[in-house]
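Here is how the chains run, residue by residue.
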Amino acid sequence: MLISIDWLKDYVDIDCTIEVLSDKLVSAGFEVEDVIRQADSCKKVVVGRIDNLEPHPDADKLQICTINIGTENVQIVTGANNISIGDLVPTALDGSDLPSGMHIKKGKLRGVASHGMLCSGGELNLTEEDFKNAGVDGIMILEGDSAPGTDINIVIGNDDVILDVGVTANRPDCNSVFGIAREVATVLNKPLIMPSFDYDTIPFNINDNVKVNVENEQFCPRYMASMVKNIVIKDSPLYIQRRLKAVGLRPINNIVDITNYVLIEIGQPMHAFDYKLIGGNEINVRSAKNGETITLLDNKEYTLDDTMCVISDSDSPSAIAGVMGGAGSSISSNTTDIVFESARFARDSIRRTSRKINVRTDSSTRFERGIDFASQELGMNRALQLIASTGSGDVCEGVIDVVSASLEPKVVVVPYKKINDILGIIVPTDDMVRILNSLQIMTVVDGENLVCTSPLYREDIENANDLAEEIIRLYGYDYITCALIDNGKQTIGGKSVGLMNIDNVKALLVGEGMNETYSYSFISPKMFDMLQLPSDDKLRDVVTLLNPLGEDMSIMRTTLSHSMIEMLAKNINRGNRSARLFEFASVYQPKSLPLTEQPIETQKLTLGIIGEGEDFYSIKGIIENIIGYYGVTATYSRPNTSYLHPGISADVVVDGDIVATFGEVRPDIAKNYDIKTKVFIAELNIDMLNDKYDNSYTFKAIPKFPTVSRDLAVVVEEKISAEQLLSVATKYAGKLLSNIEIFDIYRGKGIEKGFKSVAISLEFTSIDKTLTDDEISTKTNKIIKMLDKELQAKLR
Amino acid sequence: MENRIKTITSSAQSLIASANSLESINDVRVKFLGKNGELTAVLKSMRDVPVEQKPMIGKFVNEARDSITAMIEEKITFLTADAINTKLQSESIDITLSTKKTKKGGLHPCSLVVNEILNIFTSLGFQVKQGPEVETDFYNFQALNIPLDHPAREMQDTFYINDELLLRTHTSPVQARTMMNTQPPIRIVNPGKVYRPDDDATHSPMFQQIEGLVVDKNITMCDLKGILETFAKTLFNEKTKTRLRPSFFPFTEPSVEIDVTCAVCGGKGCRICKGTGWIEILGAGIVNPKVLDNCGIDSSIYSGFAFGCGIERITMIKYGVPDMRILFDNDVRFLKQFN
Chain R
12 MLISIDWLKD YVDIDCTIEV LSDKLVSAGF EVEDVIRQAD SCKKVVVGRI
62 DNLEPHPDAD KLQICTINIG TENVQIVTGA NNISIGDLVP TALDGSDLPS
112 GMHIKKGKLR GVASHGMLCS GGELNLTEED FKNAGVDGIM ILEGDSAPGT
162 DINIVIGNDD VILDVGVTAN RPDCNSVFGI AREVATVLNK PLIMPSFDYD
212 TIPFNINDNV KVNVENEQFC PRYMASMVKN IVIKDSPLYI QRRLKAVGLR
262 PINNIVDITN YVLIEIGQPM HAFDYKLIGG NEINVRSAKN GETITLLDNK
312 EYTLDDTMCV ISDSDSPSAI AGVMGGAGSS ISSNTTDIVF ESARFARDSI
362 RRTSRKINVR TDSSTRFERG IDFASQELGM NRALQLIAST GSGDVCEGVI
412 DVVSASLEPK VVVVPYKKIN DILGIIVPTD DMVRILNSLQ IMTVVDGENL
462 VCTSPLYRED IENANDLAEE IIRLYGYDYI TCALIDNGKQ TIGGKSVGLM
512 NIDNVKALLV GEGMNETYSY SFISPKMFDM LQLPSDDKLR DVVTLLNPLG
562 EDMSIMRTTL SHSMIEMLAK NINRGNRSAR LFEFASVYQP KSLPLTEQPI
612 ETQKLTLGII GEGEDFYSIK GIIENIIGYY GVTATYSRPN TSYLHPGISA
662 DVVVDGDIVA TFGEVRPDIA KNYDIKTKVF IAELNIDMLN DKYDNSYTFK
712 AIPKFPTVSR DLAVVVEEKI SAEQLLSVAT KYAGKLLSNI EIFDIYRGKG
762 IEKGFKSVAI SLEFTSIDKT LTDDEISTKT NKIIKMLDKE LQAKLR
Chain V
19 MENRIKTITS SAQSLIASAN SLESINDVRV KFLGKNGELT AVLKSMRDVP
69 VEQKPMIGKF VNEARDSITA MIEEKITFLT ADAINTKLQS ESIDITLSTK
119 KTKKGGLHPC SLVVNEILNI FTSLGFQVKQ GPEVETDFYN FQALNIPLDH
169 PAREMQDTFY INDELLLRTH TSPVQARTMM NTQPPIRIVN PGKVYRPDDD
219 ATHSPMFQQI EGLVVDKNIT MCDLKGILET FAKTLFNEKT KTRLRPSFFP
269 FTEPSVEIDV TCAVCGGKGC RICKGTGWIE ILGAGIVNPK VLDNCGIDSS
319 IYSGFAFGCG IERITMIKYG VPDMRILFDN DVRFLKQFN
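Those protein sequences? They're chains R and V, same order as listed. In terms of this note's numbering, the first sequence opens at residue 12 and continues consecutively. In terms of this note's numbering, the second sequence opens at residue 19 and continues consecutively.
Bound-form chain V, shown alone (with noise of 0.2 Å):
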């Protein structure tokens, strides 16, 4: 009795182990314990087995049983999932075609940039603030400490529209509006166009700035280069570093440009940075105290920077555009490489 439950068992392992189909372990599990199975039969004739062998061939009995179902369930479960497999094996397709008829578009790299100063700048405490184009001679140069008449305004070549009305030639009106309507502390940003009548590869008649503006007590130089070092530290890289230069702007004092050193050769000098090591990014400057005056903040209490940078400009670094004419083209192909 013994020996045929053990010869059930081991036949029914090996057909278990050869079916390959849901058919065929059906017929494994008909043939063994079906109504006329093998084991079946085997316990139907238990009633023939001796009473005192019938607790352990019970058991015996038993326990082939559940092996035989086990390896039947675990092969059905393995079976399944191969038919499945298959099936979805068989419905692969071409992952490498793409036939999504919207691509991504993007943003103007001259976008990119402004992004990308505007994050640095408002994360310091910097408020975004825009103002009108078309601006008053008031506030665009009179209000910044540069009168009717001054060589100061052949820095800045001016479209007029009448004796009063030009298009602004920087953003630094929207200072001098920010200043006559706020008492400080003031920390802003103002990204805006601006036009002045130049059109060749490094000039456009049309082109953005970015200026900021910080009046509070005690502001310093120190304040000025450590600003503007994150600025551009953030914009370039960590390794940036920046020197400043005596300059002037009517409407601060010290004047300085600001150079960094080359983001593309590191400083050692290459035909970006006309072999110096460095580029120049920034104008900036303590505010003249004559420009918070006519701006109705006390001189005598307050001081502070500004500073001024060119989109375009630091756009053709960035990316090694060779010509600002190229980023007013506005073709696709153009626009495409920085999607």
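So that you can see chain R by itself, here it is in the shape it has in the complex (with noise of 0.2 Å):
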């Protein structure tokens, strides 16, 4: 909220320097976000008087100005033709910033020196409404008597300091002026002044010609109305419409002007009813009727419900209640009498109401944080003292005041030792009382407690730990000590298993040379397209955000692939041409669409390789690791994945559930990523590895005897897979069999198209024997005739 520091002053003496205001009220709550110094908008220019003129001796149209600045006379050059000697003028000297965006510096004019420049209006950013002579033609003759050398900021009122400060969501009792003045009185530890809101009224009484009905009582706990008649719409006095622009707003008339004048000050939003509109000289406060519409001032017509509430006369609604007036009951050049509205309205509803529709003005945001009981009759007061003094109009008699809720101060009652319980330290219950007591808080011991009575504004006072923290704010933060957690029970704390797994699952990949990568969670439904995802794919049932912020960020994705796959495109437009990528993310299944209830979050990890020299073994050498690491034993299968190139890619299974899908990605698919070259990606269910996981190492006795093996070499058909030969391998050669693997395949010469041969390793172990050359040699004919066999496998 912008605070001008000119206005704070019309309610308490502020005699230190804006930092320390602000550090004061930044220790106390507030955080000044900014501090805007509006001289700083022009700097160097002052009040020059001008002492002597003389034509300039090569132009005609120039002359010579001797300008009396105060200290010291200096020339300047000017074109203008309405000054004349002893005349005050705005005078920009040599270094100076004017508010247009000018600099000026000393230079020469047709040979002879000047000094800086003499000002006109619209130099200065000031038209006549601003301020007297700004729309001359010609510099700004300055009226009256201020001293040559008088910073100009001072003469055009140019020197205000607005305080932007950030207003917490629990004290909407300082969104204004005064509220804040509040607290500045208490930091500050001065009086707060009241100036007086008194004003003169015709003898014409609001309570014999308008009748107030609020029947929505909930939403509309107090309701203020009084009538100014023979209002003059013009322009308000200069130093309200100086003030609104210092905080933003637009000075329009004076009626509009005092309402908006009053929200700033008070933090009351006031509406002007034009009388004569009013039908029925009826306000009923009501809930809307379904169906019924109004037309706001924007001119356009809204379609109202039963869960929003209107002021209406007689017959129609001629206003959202504290959103916005209807059109119909407007202020305009016609209006003679107007009936001003100061009320409370509940702020959810206005809030849900302002939504609804979609409308959003200063008065709504200003009920949707909430108004206290106190505003309503101060702003009336204020807003009609102001009609008064700026001979506006005629305040009538008397005011309407319907009042459903209690208007009692709230007491509570809390043992001062639980304050200090709060807080860990000792504050002393006088420094206690004296604290409450500057807030206004009425606080006084009894016996042990403290007897606290809040003033109507500050209804977030409820308990004792609303009291510690009003009394630590002044007190002071820095009065608490460190402890760590002394007096509490032991814990323990630490990591579940499924954390630890992916701990060091993480390290292992950074081993494999990978970077880990974050993207967004939301990404484009345009996925679904480019994976060529089927179209009854479990994957395009997804979590879809009511206001994504685009297109491109409205689901939750159901697969890592697509974020991956996209990484690896930019990198590769980028320029990176090799890259090992992963990341751990969740992703969202719902359980049935329209979504009832919440989709289930699985942990997932997805692998991305680019580059050259890396290929289907890359990615799946890093999943043997991962897969190691997890302990459980996996087979692999072809997968049918939409968007992975059939022949090369594989999905791992162990105990019959598929834990993860990998391989190259579809040429095609890439293509729709913009990349041409090779991609590998995987996708790792980690939530069902981490309920596979098995640590349970048992030692096993090192076998005394030493270890005999057999290297075979078969040529097969290019169809027979590893895993066939090794299984028939295996299945053969007995419970001696203690290790086998496949350690090299030869293509080529020697070789017929279409085969490939194979060479095997396999070790036999006995635990009891020394293994005879014999028995070895059995069991590998044994193999070799099964390899023929059943694989057509011939020994090479």
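Among the clues, some could well be false.
Between beta-carbon pairs, the in silico distance windows are [stated by the list, open to error]:
id, chain 1, residue 1, chain 2, residue 2, range
1, R, T28, V, I290, 45 to 55 Å
2, R, N651, V, I290, 50 to 60 Å
3, R, G765, V, N137, 56 to 66 Å
4, V, D181, R, D309, 23 to 33 Å
Covered stretches of chain V, going by a simulated chain R footprint (3 or more residues, C-beta under 8 Å) [claimed, not checked]:
id, segment
5, 20 to 32
6, 48 to 56
7, 160 to 171
8, 262 to 274
Hints were generated in silico from the structure; no laboratory data involved. Heads up, the beta-carbon is just placed ideally off N, CA and C, and yes, glycines get one too.
Please dock the two separately framed chains into a single complex, following the hints provided.
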């Protein structure tokens, strides 16, 4: 919230620097996000008195002026002709900055030195409405008797300082100049100045002329109305305009400006109805009827329902309460009499209505934050006083005040020990009482208790914690000492096995040269087609956001593959030719659609590899290591995955469950991502692997007898897989087989096309004897025979 | 005789010294100790030595033979080692060359920060707990004292899925879920992804938070300050100081923002801390008794504190990353800087 220091000074005497004030506000819980010094826009411009004028020797239209700027005289050449000796003029000196963005330096005009510039109103960003003579063609002649050398900002009223103060959601009472003034008075230990809000009235009583009827008391616990007759619509006085502009509001006319002024100053939204346009002279605060319509001040028609509240006259709504007035009852140039509304509307209801019809106004925003019960009367008085003091109309007698809520202050009784228990330090009771009283939370000690009576505007004070906060923020957080849960029970910290597995797998992946990525959980629905997912694919059942930042971030991903291919594509596009990436993230699978409960979130791991020399086996090797880490045995089978190369991809199956799928991305799919090179990706179900995790190591005796190895090479058709060969060999090798692996595949010279030579190494170990050559030969011969019989593999 | 032995010994000594290969040392051995060697000849001539001199001369010859043998062996040992060294020297390779195909990869910088933070808190007895990212309005807001249509909801713009479901805006729902399922003592930290519709240099629509919660008897503001100051000192350095500033969060009361002295300038004021010397890194507070009661924990017996911080923000401060979007860009040239 923007707070003008000039305005603030109406309520509290500020005799410290802005820096000190800012620091004190910050320590009291009001973050000062910015300090705007108006004078920064206009530097080194002073009041100058024209002491002498003479014509330029070489230019008819130029004059040479001697300007008295208090401490010295400067010579300035000007082309203006509305000036004369003795005039006071805004003088921009050498090195000055003007609000228009101009920077003035000394120079020569037709050979004569000029040490600055005399300014027009426009050059100071002023119009005639802002300042007298600002609108004239030529230099802005200053009226009055400012001393030469005076900073021009002081003369034109451009010397205010504006604080941008952050007000937290628990302190709606501070969303106003007056509210901040109360806090400033407390932190500076100064009295709060209450200006007089008195005004004279004419003998025309609102109670005899307007009837207010609040039907929905829960929505509107207080409604005040007053009347002003014979209004004169005109411009507001300069100080009102200046203050409104200082906080970013555009002055419109006296009536609108007064409602805005009260909104900023007191925090109370006001509304003005044209008295003559209130049908039946009735103001009804009621729920809207379903289907009822109203045209608001924005000239748009809105259809209402019974969750919304309106202000209506005898026949139709004249405003959506707290949000915006209706076009039908608004102030116009024909208006002579007005009715002011100063009410409290329920913030949750305003919030819902404002969102439903998508209309947000200063008024609705303020009501949403919460308006206290003290503001209606204060705001009304201030508005009427401003009407009277600016000659804007005749204030009528009487005020209508319909109150259904209790306006009794709330009393909270709390043992003062409880405050110290929360804070962990001992704050002297006297200090507690002093601080609370300085906040107008009237406090007395009754035995062991503090009895605290909060002012109406402090609706946030409900319990000991609230009071503890009020006390410590003013007593000082620096008094809080450090402890380490010294009085707490011992707890055992740490991570679950699943989380430790993830850490360990990450370490393994880093060792494999992989880099971890983070990509967004929401992706584009375009991924369905980019991955050519079949129309009935479960991955197409997605959680969709109601309010995404854009279509490309509108669905929660059901697979990590799309994100991984995109990341690889981005890297390729940037000239990064090789990359090994991985990411752990959740995928979100709805249990049913439309969504009725939380989706299933499954932790997955995706791998992605590009680069020269990378192939299917690069990624398979990594997956084998992960599977090895989890202590499970996997088999590999061909998957049915729309976006993977059908011949260069695999499902990893553990105990009948597919725990991972990996392989080369189909080239036609890669093209959808503008990738022309080979891309290898994998997606592993980490939750499933965590469930299967087995680290139960048991000691086995180390064999005392030597291991015997045999290598054999067989030639088989290409279609015979390694797994087929190994399983046949294993089947007939018997119990003594301790290890079997394929260590070479050869194709080429000596091997018929369509065939390959596969070299298998076998190891046999016995725990109770030394194996003889005969025994081993019998085994290997059997293996060779069966490989031939079952797979037509010929010994090479 | 005696002189002859002396001459043989000294001649052997000089030949051994000049021998520079295993062959030449072998020649020396044959020349003196071989079947027809010079010293062997002396031994053979012993029978001509008078009896009374035999013990003396015999001792003399034996000493000479032992000494020559020892010298030859020493030389052989030396020459053998020398030969191996020469061979190894000739095999020397370019050790500055690096041809290993797979170099070490690395964790994302945010993970480095998460790991560091989790290590600090797990060693302080905090258990790591996680929860769903698609949350219900109840756990994300209502259980945490943020009712429907409450202005505090403005503090956290939200991605909605429907009236009931949303993407969690903070990891606090994990705290609510934990409190509803566990009785104190509770000491947990909750790392995880959270979502808010903001996207600029200092905000990302998805980011990570770590929040923590302690609930036990007699927990005070001093415990909050002590634990979090320990955290800040461990994360940055021992000189780091903390400052508490009043703030507001619906689920804590009193609520504070925690500033730490700028790790870059040490508190003198610099560009990173915008000249203030302080950097805001944590929000924290005493758990609002209403939240404890909402979650089934008796607030008249137990109290607690909670805190939270943004991982990306700390990562940016710690590693000097100027724009949050770089963290989600996944360019390997960035990622490899943390290998």
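### Query
Which numbered hints does this structure break?
Numbers 1, 5, 6, in rising order.
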